[in-house]
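Visitor: Letter by letter, the chains look like this.
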Amino acid sequence: MSLSIDDVQRIARLARIAVTENEVIESHKQLNQLFSLIEEMRSIDTTGVEPMPHPQDMLLRLRDDVATATNRREAFQAIAPAVENGLYLVPKVIE
Amino acid sequence: MLTIKQIIDQLASGETTAVALATQYLDRIAAHQHLNAFITVDREKSLAQAAAADAARAAGDTRPLLGVPLAHKDIFCAEGWKTSCGSKMLDNFIAPYSSNVVERCDAAGLVTLGRTNMDEFAMGSSNENSFYGPVKNPWDLTAVPGGSSGGSAAAVAARLVPMATGTDTGGSIRQPAAFCGITGIKPTYGTVSRFGMIAYASSLDQGGAMAQTAEDCAILLNVMAGFDERDSTSLQQASEDYTRDLNQSLAGLKIGLPREYFADGLAGDVRAAIDAAVAEFKKLGASIVDVSLPNTQMAIPAYYVIAPAEASTNLSRFDGVRYGHRASEYSGLNEMYEKTRAEGFGDEVKRRILTGAYVLSHGYYDAYYLQAQKIRRMIANDFQAVFKECDVLFSPVSPSTAWNLGEKTADPVAMYLEDIYTLGVNLAGLPAMSVPVGFGSNGRPVGMQIIGNYAGESRMLGMAHQYQQVTDWHTKAPQL
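Chains as they are written, first to last, in the working numbering: chain E, 6 to 100; chain H, 318 to 797.
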């Protein structure tokens, strides 16, 4: 199977990346080259094989439910593009 | 130029000082800017760190690595240093905290000489995907240095620094180490904390060491490795001295040669250099076993599904709200996100985010992501099966020596195929290293890969060290 131009536009929208018409055409070509490689994988019989999300099948560690992070709000906000009164500013969300 | 071992001895005897060393290396860095190995150098800050190390030593501080210089890949957050990850997205990002790796290096008294160039967000095999321009291979300025830790590899090869940190998600320590003729190790997944190491593909990313010799890599890995509560996949294991097996004999060692790693597509000159290295190991007492890793070919598609899937998730944090680049003009929140990300990310990063978004999207998850994870298990099982027959695997790192700058940039998939010998290791989470074993017909270095079983680092470093006692490839430096 291969991706359509519409697919490329849809995933760009999902990924929140603005794309020009030329970029869609170029991405469409390159993603299809990549997916022709990826397709080889689909012919492999994986019946009964457990998916492996993580090397060594490690389980997530639990820890005591105590606060560990220190308050670094000023240091973190100092590097933000736009802040006011301790809040991160974004364009108006509700019209 | 000096190895870390020699630097430690000279600092201890008073033959040199941290300031003298830092000055000497900073001068070399300044004189070789055309290599583009560094993104950030801050002479004043480095010299202040060196002066503090000298003062501490004079006051009786006996930490062995106090005052030893190194460089960090620009992926490890270091408080007060620009940490760009090779991206326009983070070109204005001064890290407000330090990664575990940087904390550990600082605590050992190491002096940071600068931040090395890399493929954007560690995505690439040639260092041509950096916002700051490609790094040049010090052996041949028309060749790529490999990637993504190309700046670290080039800096060590050109003797601009004695050692450097790197990260390896699909070969990003081993392949540039091979292309630049240095030694580099990616330890078992979970050995080095990922805290503060900017994420690409979290189930594959692993930090590691790059230096001239295996012994120096062991010394640096001793500093970098260790349990860290802030990394949820950090291994809870007793701390280890990676230099412990350096002098162990190789008699009785069984080396497996996976036949799929020596099949069609491997360049003759690379093969010849590997064969000669294998012969040296036989002289050192090792025996050779022919083994098979039948799912080798499938590592490429499985990796190029899993890594982009994880990347698309990890890189969703770059939204122009909390840090990093924000587009200057937009109307509305969505347009702000879309323009910020369109401007901040380069082509390869966008390609992998789009790939990841697609394989994770509704209706495709089972066919791609889940299938890739099943193949990942088959590949990991293949390795466990062969480790019943041998102690370690030897293979080439890359099918050829370094290619020319610009040679593969127009065809991303062709570049992905070059990762064939390194990807399986990351999928399985195994430790692996690259050791310089000679030169190709074009005069560019050849690296041999040593793959060990989980937690096999000390033994692997010992093998490489024994080889480096009877050969001199690791002492070769480019004429600059």
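FYI, nobody ran anything at the bench for these hints, they're computed from the structure. Among the clues, some could well be false.
Taking beta-carbon pairs under 8 Å as the criterion, some of the chain E residues facing chain H (in silico) [to be verified]:
1) ALA17
2) PRO56
3) ARG68
Cβ atoms here follow ideal geometry from the backbone N, Cα and C, with glycine treated the same way.
Visitor: Hint by hint, note whether the structure agrees.
Guide: Status of the hints after comparison with the structure:
no. : hint  : verdict
1   : ALA17 : 6 Å, holds
2   : PRO56 : 4 Å, holds
3   : ARG68 : 7 Å, holds
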